[in-house]
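Residues per chain are reported as follows:
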Amino acid sequence: MNELGPWLILFLPLLSAALIAFGLHRSKALSAGLSIGVVWVGFFIAAGFLVDAFSAAGGGAHGADGHAVAAGSAWSIHHAIDWISVGAHTLQYSVFVDGLSLIMLMVVLGVGGLIHIYALGYMKGDDGFSRFFAYLSLFMFSMLGIVLSDNFFQIFIHWELVGVSSYLLIGYYYKKPSASAAGNKAFLTNRVGDFGFMLGILMLYFATGTANFTEMGEVIGAEGWADVQKFSMLGTAVTNEHFMWVAGALTLMGVMGKSAQFPLHVWLPDAMEGPTPVSALIHAATMVAAGVFLLARIFFVYLPSDTAMSIVAHLGMFTAFFAATIATTQFDIKRILAFSTLSQLGYMVMAIGLNGTDVAMYHLTTHAFFKALLFLGAGSVIHAVHTNDIREMGGLIKKLPITSWLFLIGTLALCGFPWLSGFWSKDGVLHLTHAPPAYADNMLIHWLPTFTAVLTSYYMFRLVFLTFFGKPRYHGEPHESPPTMWVPMAVLCLLAVIAGPMLFTEDVIATFRSLTRPAGSSPFHHIHADANTVIHALLIFGVGAGAAWVTFSRGWVDPERIKKALGPIHRLFDNRWYIDDLYTWIVNNIQQNFARLCDGFDRIVIISGLVNGSAFTTRALGALSARYQTGSVRTYAMLFVAGVAALLALTL
Amino acid sequence: MTLAAAQNSVPLEHWLTLSGVLFTLGLCGVMMRRNVILVLMSVEIMLNAANVALVVFNKYLIANAPEGVALDGQVFVFFTIAVAAAEAAVALVIAMALFRRLDTVNVDDVANLRW
Amino acid sequence: MPSFAEIMSVYGLEFGLGALAMLLIVVDLITGRGRLTGPADVVRLLALGGVSGLLIYSFMFLHASGEVHAFGQLDAFALYFKRFFLATTLFTLLLTAPYEARFSGGRAEFPVLVLLTAMGMCMLSSVGDFVSLFVGLELVTISLFLLTAWRPGLPRSIEAGIKFVIIGAVAAAFLVYGIAFVYGATGALDFAGVSAAIQSMATMPAGLKFGLLLVLVGLGFKLGAVPFHIWIPDVYQGAPTPVTAFLSVGSKAAGVVLLMRLVYTVLGPAAAEWAGVLGGLAAITLLMGNLGAITQTDLKRFLGYSGIAHAGFLLLALAAHSEASASSILFYMVTYLFANMAAFLVIIVVSRTSDDSHMDRVNGLAERSPFLAFVLLVSMLSLAGVPPFAGFVAKFMILRAAMEAALHNPALYWIVGLSLVMVVVSLYYYLCVLKRVYFREPEDKGVLEISGSTKAILLLCVIATIGLAIFFNPLVESANAGAQSLMGALPQGH
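Chains as they are written, first to last, in my numbering: chain A, 1 to 652; chain B, 1001 to 1115; chain C, 2001 to 2494.
No lab work stands behind these hints: they were computed from the structure. Using N, Cα and C, we set each Cβ at its ideal position, and we do this for glycine too. You may find that some hints are simply not true.
[To be verified] Derived DMTMM-like pairs: lysine to aspartate or glutamate, alpha-carbon spacing no greater than 20 angstroms straight-line: (1) Lys2209(C) / Asp1103(B); (2) Lys176(A) / Glu3(A); (3) Lys175(A) / Asp2355(C); (4) Lys2445(C) / Glu2323(C).
[Said to hold, decoys possible] Derived, one-sided and incomplete: chain A residues facing chain B with beta-carbon distance under 7 angstroms: (5) Ala620; (6) Leu624; (7) Ser625; (8) Thr630; (9) Gly631; (10) Ser632; (11) Arg634; (12) Met638; (13) Val641; (14) Gly643.
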């Protein structure tokens, strides 16, 4: 199974997508069944690996002092086939399962599997039902390729495949102009990031002479940034710290594009135009997490430079805060969740920047549970009331009791309510920020993430109060969703509740963290759920939720008055810090003018001159050059003989 | 008369000239004749020109190095004759089809596939 | 005298094909002539089964050997091409199934002739002397004459047959005449002897050059090299479509395999001075093939010109004359096989009712059958050499080999440049076809029904065309092995 398992996990979804595309699509039941089946088969294979990994790492988890665990774990599966070899360079296609990718596998397959089932109910009756499942399978293949890759080139290919399949999924309702526009926006924004990513990969490849993560990690780990120069293509003059700066920054662009970090975050809120299961799958659990996963994977690139690590940390910190502020002003239920996702991803990126890869991966895992739950809950609500606007909801807890309660528990988990999963993971991150490494030790890192956590509670409870409590403002008669929809939500809810010490005992968490911590990161400190931490968490929760309660449930404070009081700050938040407008302005004024210039050149010189001219010339030549083919066999014989004569005359 | 004597009596160049003239005649026939049967006969003449060359070259080689040269050139001629016969048979079948279907043996009448 | 076992070790497949052909004749006799459906189906199934069996046999049990016999050899190069020819034959037989309802008769004999042609082709990949070369080549050509004129009720089939026979016979005469002069100049008819004689000469005498040039004419005729391509458009258009497919892949490959054998082993080191001739032929072939294709309105004729253009690429690789270029030719042929067979099968399907292959038949194909449209898209783009299809990898390999060779032979830069321009031209005409498929209104709006087996064959071609662009290494490795054996096996005289 170790031989075949990873390959099956990777290629079964591709097979499923192909089968659906080339024939099965006529049967909706078969398409959906196949698509769901392959994900779960993969999940159980991966679960088998997890058992293996834990039993292999279990011994090492009990370190000498019981707290700090030996970094990294020896457990891994690695199979590679030579894919392309050009000269001395061989490109491998591989499956590489180590602790990090195993955790990611479990998240992608487990959460993905539940979302597949949910989609069964959500997409019922849609014309493109089979097409949707084909896309989902294609997406799973792309995503799993990122997780299982052991080198940069393979990851890049799957990175692009993820881009394509998410484009297809976001633009799934392609007849809706806003949906296809959102698809384009996601794709284009990601292209910007991916362009940098590709250049970064090439530079790293030139600098270290390998694209394999393990080998590259060894080179960079041994040499540091200043002396990375293994590859003969570049002389000593180029491969120095500056080179690595550029390479690292460019590679980070890939992360920023996929994980929607500031300033490449603009696509994620718009991407909510896609069907809700897609939002849950791509924009909560998997694709956006790919950036964080990649960052954890290539952690070693940034590790040698304190400044680089610090930049990553501050980038994450800012994105977390920035997105949370915007979330407080939005009214579209899915967009609020989207900005919340941005914010949480910021936490993860920040944690990696603070040398806490394992904490980031833990938060990624718990976040996948509760954010997928929230998205599915939102989908269930939208399904019932046919609108995304929370101002047109209210009081839904009476009509949709199951959805409402599940959503509420998810919200509590997200806000870090003590002893729910979010408490453990988010507190791990906040813990890091309160005792950051020396290179990032400043007031902002200390307190901004905590304040952001308060904002999180505020905007989430604003959402909850407006949606589920208070007076009904909806139209029509909402109904609870079918079991295919709420059962996956219930499972996710269960996970969101117990993904702390209840599911993961101290030992399991220690092992989990030893699995997800790459070599070279600093020793890890446990979270202790002591009185201090609990009070801290409750305080954060209480302030945020309380403010929301006062404003949106009791109505003691009029939201309009807050708006007025905050004035320009509110407008800033409401307009998403004007980033989208800035981009629009740049596109309209600078890029458009440049484009007009190019267009003029194109029309006058290229099209009329070169293209039409050469097309005309070519056709004319073509017409001429078939003219000798008169149809008469005697002419042919003459031409043949003339050809022979010419050949002889020219050669002899 | 020995082989060498035969060789001496008519020089190689003359034989090759004969062969060349035959070949050219055949070629001209292919290009100029309209009747498909005659075209095919002209092709046979070209092949026979090649046969003449083969036989002559073989004899010439034997005359120059009598101890170890095989008769392979002359053997080749049998192959070309056999192959030419097969070719002619097939060509005549197609010519017959032409005559039956289109009632003509003039190759200029079949020029619909062009350009 | 070589023993029977020795001969069988090289020509086992050919004996198999011959025996299969005989068996088919006997079966046809026994099961009763005259009836149209029953026996023909039995014969076709037998032929399919037999060829598949031989193909599997060649993969599982046949191994390349470095041994060079007087009568031929089974090196990696020969084995590669034998498998290629068997695959081509298999495809031809598969393509015949949906077409043969249009035959007025001779449905049982058709596969027999296909098998005999295949026998000749396989033989050509192993031959070691000019006599077998001539006999093998004529076996291929004469069988193809008959196959071309297989629909005597159809004037264009007869016309194609007549033209093919006359030009083919002239080419054969040139070939024999050339062989005679090579023989006269070197005193040998076997490749080893000719090669040894050429290597012992300081400069080539004019008679030898004359002979070799005429041999080149004879093989250029098969390959479709300009100016000996003159028969191709008419014959491709007039022949029954499966035969056109067979001609376009198999017959061209027969020319390729012989040219490679002659250039790489017979000429050997002397080939360097032939780079100019081959390069010149490549240039004019690329030019005329691509330009000629632009204004075509018949799909089969169009593919004929496209095939000439591809021959130009193959000649360019031959002119580059390196191991890498030889390997790239071997790879190229396989990608060409899949793309071409798919295109011809699509033509067979779309011309089902009208029985002609005018380009209007694919107008609006995307509406009538999205699957067929997609297949044609993959096929055309692969032929044009667009990534991510196999044709791109193949063209890339040839151009890379040519650029490497150009370091020693700067004239090749010009031909490479020309070929790049011609790639753009070819993109134009391939896209013109696709424009009809996707943007024109169909004449007949009815949905095109495709049988399961046809779908399976097309799917195989598509998967191979895309798969070879991604996982090309295994094929490249076996092409490399073939090229190595070709380069390494310089015969050392007797």
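Hints, verified against the model:
no.: 1; hint: Lys2209(C) / Asp1103(B); in the structure: 44 angstroms, violated
no.: 2; hint: Lys176(A) / Glu3(A); in the structure: 45 angstroms, violated
no.: 3; hint: Lys175(A) / Asp2355(C); in the structure: 39 angstroms, violated
no.: 4; hint: Lys2445(C) / Glu2323(C); in the structure: 51 angstroms, violated
no.: 5; hint: Ala620; in the structure: 14 angstroms, violated
no.: 6; hint: Leu624; in the structure: 11 angstroms, violated
no.: 7; hint: Ser625; in the structure: 10 angstroms, violated
no.: 8; hint: Thr630; in the structure: 6 angstroms, holds
no.: 9; hint: Gly631; in the structure: 3 angstroms, holds
no.: 10; hint: Ser632; in the structure: 5 angstroms, holds
no.: 11; hint: Arg634; in the structure: 6 angstroms, holds
no.: 12; hint: Met638; in the structure: 5 angstroms, holds
no.: 13; hint: Val641; in the structure: 6 angstroms, holds
no.: 14; hint: Gly643; in the structure: 13 angstroms, violated
Checked against the numbered hints given earlier, this structure breaks hints 1, 2, 3, 4, 5, 6, 7 and 14; the rest are met.
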